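**Q** Sequence:
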Amino acid sequence: MPHSTRAAAVRLVALFVAGMRLATLAQMAPSLLAAMPALSQVDRPWLTGVTWIFATVMLVVIAAVTVVTQRPPGVAYAVLDVAVAVTLLVVGLWTVPVELRTGTWVGFQLGYALCVSCSLPAVRSRWLWMFLLVSLAAAEAVYIAPTVDDLADLTGAVSTCLTLLVLGPLAWFGCQTIVRIGTEADEARRFAAAAAKAEEERRARLAIHNGTAMMRLLVETDAADGHGALRSQAEVELNRMRAYLSGQTPPPASEATNLAAVVTALGAEFDDLPITVVADLAQDVALPRTLADDLAAALRSLLLNVRQHARANRVVLHAAEDEAGAGWEVTLHDDGIGFDPSVTAYGVGLREVVVAQLARSGVDVEISSIPDLGTTVTLAQAAAMEVS
Numbered sequence: 001m002p003h004s005t006r007a008a009a010v011r012l013v014a015l016f017v018a019g020m021r022l023a024t025l026a027q028m029a030p031s032l033l034a035a036m037p038a039l040s041q042v043d044r045p046w047l048t049g050v051t052w053i054f055a056t057v058m059l060v061v062i063a064a065v066t067v068v069t070q071r072p073p074g075v076a077y078a079v080l081d082v083a084v085a086v087t088l089l090v091v092g093l094w095t096v097p098v099e100l101r102t103g104t105w106v107g108f109q110l111g112y113a114l115c116v117s118c119s120l121p122a123v124r125s126r127w128l129w130m131f132l133l134v135s136l137a138a139a140e141a142v143y144i145a146p147t148v149d150d151l152a153d154l155t156g157a158v159s160t161c162l163t164l165l166v167l168g169p170l171a172w173f174g175c176q177t178i179v180r181i182g183t184e185a186d187e188a189r190r191f192a193a194a195a196a197k198a199e200e201e202r203r204a205r206l207a208i209h210n211g212t213a214m215m216r217l218l219v220e221t222d223a224a225d226g227h228g229a230l231r232s233q234a235e236v237e238l239n240r241m242r243a244y245l246s247g248q249t250p251p252p253a254s255e256a257t258n259l260a261a262v263v264t265a266l267g268a269e270f271d272d273l274p275i276t277v278v279a280d281l282a283q284d285v286a287l288p289r290t291l292a293d294d295l296a297a298a299l300r301s302l303l304l305n306v307r308q309h310a311r312a313n314r315v316v317l318h319a320a321e322d323e324a325g326a327g328w329e330v331t332l333h334d335d336g337i338g339f340d341p342s343v344t345a346y347g348v349g350l351r352e353v354v355v356a357q358l359a360r361s362g363v364d365v366e367i368s369s370i371p372d373l374g375t376t377v378t379l380a381q382a383a384a385m386e387v388s
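Numbering (UniProt numbering), first residue to last: 1 to 388.
In short, the hints are calculated from the structure, not lab data. Bear in mind the structure is a predicted one, so any value in this text is a computation, not a measurement. Where hints are given, some of them may not hold.
Restraint ranges, calculated between C-beta atoms of paired labels, are given here [said to hold, decoys possible]:
id, residue 1, residue 2, range
1, 194, 50, 16 to 24 angstroms
2, 366, 194, 27 to 35 angstroms
3, 189, 138, 15 to 23 angstroms
4, 3, 380, 23 to 31 angstroms
5, 76, 183, 36 to 44 angstroms
6, 378, 181, 41 to 49 angstroms
7, 134, 195, 40 to 48 angstroms
We treat Cβ as the ideally placed atom computed from N, Cα and C, and that holds for glycine.
With these hints in hand, go ahead and build the complete structure from the sequences.
**A** Here is the structure:
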């Protein structure tokens, strides 16, 4: 089962709730002996025993359920827990002497109510949670009201109520935040996995597309018809595919990092085409290594398309720096059969090797084509990149 940060966060919240309840039980237990003499001071000693039993059972049962399920108690348990706590506070008016209601665990009802207020993280509805918390605070106010005789007593009573109204929300918001962070971490992990998968698929398409086209041409082309040039190009693509399969860094698609040199080298690879290369105005454009590789791969893919599909009588590859020196443009035009871009979907070469890959380097790609008149592809970068 894959790791889940949210599940771990939920288990942490569950352990917090179970720990709170067991700690409350541990504090209550020694006070039971001290409470025995107090039973003779009330009219219904049996009712006092029943309240202790109910509180103990609720603390143990919900702690056990939380540990077993590794989740905080659900809404039903939370509502029942609050109902029992409110009942114990109200019944405490008859079972706990006034002088023992605060500052002692003989009057355990206040400690139990505080524990319950911190045990509500599974209540997702904010309005329900607020209703349960206010119910506890109201019952607590009724429980300690008889202890107020002067200003000092009033201050203590208010502080007691504020303890519940502060720690309860802190526990609820803290637990909610922990679970939300876990959920977001899982979502981020799923997104990262999906992105990594998509990136790996993209890299695979880039690695094999031009090589596949080369192998197809090798099969379909006679030795007398430029077979040697194809073999040298196929060797380059074969090395790239080997590098991808072995997990190594692929060799550079072009040895040059100057725009004019990249364009000229790619034109020379396809000298079997009726190609004219004009790159004199791009001599001063230096390219980062990564961009030079991407540009070379894109131009190679475009020229492979021309070779395979265009049936062109003339191909012009033109590169130039813009007049302001803040960008450059490469244009590839052929007078071949063209196509209708509105009805013809781009293949892997145009979509991935050209458009998508160059977009990652900040290069805009514009493809215009008219059936029977040819195709023009424009690669342009508006602002020059720093050479790395």
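**Q** Between residue 366 and residue 194, is the Cβ distance one that fits in 27 to 35 angstroms?
**A** Holds: the Cβ-Cβ distance is about 30 angstroms, inside 27 to 35 angstroms.
**Q** Is the hinted range of 40 to 48 angstroms satisfied by the C-beta distance from residue 134 to residue 195?
**A** This hint holds: roughly 45 angstroms between Cβ atoms.
**Q** When you take the CB atoms of residue 3 and residue 380, is the distance between them in 23 to 31 angstroms?
**A** Violated, since residue 3 and residue 380 (Cβ atoms, about 45 angstroms apart) do not stay within the stated range.
**Q** Regarding residue 378 and residue 181, is the given constraint of 41 to 49 angstroms on their beta-carbon distance met?
**A** 47 angstroms, holds
**Q** Is 16 to 24 angstroms respected by the C-beta to C-beta distance linking residue 194 and residue 50?
**A** 57 angstroms, violated
**Q** Confirm or reject the claim that residue 76 and residue 183 have a C-beta distance inside 36 to 44 angstroms.
**A** Given a distance of about 23 angstroms, which is not inside 36 to 44 angstroms, the answer is violated.
**Q** Is 15 to 23 angstroms respected by the C-beta to C-beta distance linking residue 189 and residue 138?
**A** Violated, since residue 189 and residue 138 (Cβ atoms, about 44 angstroms apart) do not stay within the stated range.
The structure shown violates the earlier hints numbered 1, 3, 4, 5.
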